[in-house]
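Colleague: Below are the chains, spelled out letter by letter.
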Amino acid sequence: MKKLMLLGDEALAQGAVDAGCSGVFAYPGTPSTEIMEYIQKCPEALQRNIHRTWSSNEKTAVEEAVGMSYTGKRTMSCMKHVGLNVAADPFMNSAFVGANGGHIVTVADDPSMHSSQNEQDSRFYAKFAMIPCMEPSNQQECYDMTFHAYELSEKYHLPVMLRLETRLSHSRSGVQRRDMLPENELKLPEDRNQFMLLPAFARRKYKHLIEIQPDLTEESENSPFNWVEEGKDTSLGIIASGLAYNYVKEVTIRYNCEYPILKISQYPIPVKMIEKFMDNCDKILVVEEGQPLVEEMLKGAIPKDSRIMGRLDGTFTRDGEMDPNKVAAALGKETRTGESLPEIVTGRPPALCVGCPHIDSYKALNDVLKSYVEDGQRHVFSDIGCYTLGFLPPYNAINTCLDMGASITMAKGAANAGLFPAIAVIGDSTFCHSGMTGLLDCIYDKTNLVIIILDNSTTGMTGGQDYTGFGRLEAICIGLGVEKEHIRVVTPLSRNFEENVQILKEEIDYKGVSVVIPRRECVQTMTRRMRALKKQEAK
Amino acid sequence: MKQDIILAGVGGQGILTIAAIIGQAALDNGLNMKQAEVHGMSQRGGDVQSHLRISDKAIYSDLIAKGDCDMILSVEPMEALRYKPYLAQTGWLITNSTPFMNIPNYPEQDGLEKEIYSIKNHVLLNADQIAKDLGSARAMNIVMLGAATKYLNIPYKSFEIALQIIFGRKGQNIVDMNIKALAAGRKFADEKL
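Protein chains in written order, with the working numbering: chain H, 1 to 539; chain S, 1 to 193.
These are calculated hints, taken from the structure and not from any lab test. Keep in mind that a hint or two might mislead.
Just a sample of chain H residues kept apart from chain S, beta carbon distances all over 10 Å, derived [unchecked claim]:
hint, residue
1, M92
2, T234
3, R348
4, A351
5, V373
List time: in silico DSS-like cross-link candidates among lysine-lysine, alpha-carbon distance up to 27 Å [what the hints assert, rightly or not]:
hint, chain 1, residue 1, chain 2, residue 2
6, H, K539, S, K180
7, S, K114, S, K157
8, H, K511, H, K534
9, S, K57, H, K333
We put the beta carbon where it would ideally sit given N, CA and C, even for glycine.
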């Protein structure tokens, strides 16, 4: 078979399909989005009719995947790192109930926060849940590891985490496919207690999970993805995990360093392997992408062992992603730095697109607030999406971005403290992800606030995916208990400016829960839709 | 053979198409490649870049080290300069001269050009104008690629084949237009010397 040129995300998706996966469950989030997008277009996935529609959020996605695993089928849930926080409850407990059909939990981290609120390292979650974690270092491993992870998952009846990072998720290279495996037959669990976490069962499950830990470590000792590369110069040994292994290889080849290298791509860490490796080397450099998980484990709580260098002793910065220059510097190599950045170059931050409906919404909001607070004293709670860019000049329209859905609940808390006007700005997809329960809190509490659901009819920031609540926003709000006359749908266009300001004013003045829905399609998805239409007409 | 290339521009200017074509041409020549892209928030009108590495040996790092880059190929002049710290002393900076002004404090064009001229190996061309003259403003990125082909260790013919593969499903007219754009860019680079 010819090699395919695939992003890390796509290689992993193709791997899942070829390894017999029957369903993928996900909510979009950079850098994980392209996994599901690939499945939605992959001919083999379409032919097998693999489940491939988006879920409302990461929690529902993981639960749906556990349900598919229950039936004996292979499944995958995917999300970005902070999405795993949303899914933490089913994720942690899925380690107890385990897996029937293989379950891979794919999590894509974002070191250096290219498109995220933090750079948490998901390997800690895998360790926390006491399940195996696999960390590919290249696109081929992304593909191959899905086969391995499914086998491991079914052998131990445990979910297995596959951890990616931005640089691998969004980097393309050649991938060699294998023969496709058939899907699993439907086979319901024989043990009626398996998926039942009443405390008496849960205690037993936990003991079992503890008991198999040495077996999982043994798997890592023998994993085809963990290995030692001998080197003549044992004054230093390099332990490199996942993606960081690439930078180590790049630099050691370049500078002809002959240090032994231990590559770790499967966890729990292979203790015997590491012990033997460390015995043969004078000093140890730990290079890992993300937070210092391996380094902390090697050092322990009392960092007496000064042989170990990494992020904790300042050899590397504590934060930010790795790169070849950082690794070369850690090895004492003078890196060839190019010339400095010319002073004339200025920053070019991302911005709302020309013609974006959010611009009109923010203009109206800024204007109406003039009659309530002094200019520059606005406090508006917001959320995660393209509209977070409304924080930047010239809009300066919002003040907060905490996590998905937090605009509504933070505004509620502030209203409860007496803030008036209390305003939440949230996107349509974000609202369906985790804004609905917050709205229910407001209804229950009869909170005096205005929730503005910016409806651009897509999940915009991640590139325009559809979402579960599309076309149902008013029905959802009515269902949750918002009074019909206080659900105001407006069209954010400059010609409607005065009218929209007036409507916002009326709803701010209403003492209760109001929902204003500025509705106009995202200019990006609209352009794409129009182009597709034109193409179709041409045919 | 190894070439490390940084493609630069502003979100939406078509650098990923350039990357796809170079990648396709590299593959047809049996070379290895890795190409790191930027997705997500920055694509909304922010600066975007792609690290493209081609080699006849195994490639490990997805990222190019500072001071190692053999070519900066940029569809926007200020964005070309943003990656100057990556450029090797022997490297080429090939950039479009038409600015993309979506920020209030965009620098003076003269200053930018002065900076570009200060780099020993540079090619500065008005790819927007060349593409417009050909009757397809959208082929600006392919004009830029055409200029770059002079310094890429891949036969010119392979780029034409790659255009055929990548634009083939859009119809032969589009393919032909892009082949013309490629040639126009190449002509500029050839005549520069």
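Colleague: Which of the numbered hints above does this structure break?
Modeller: 3, 4, 7, 8
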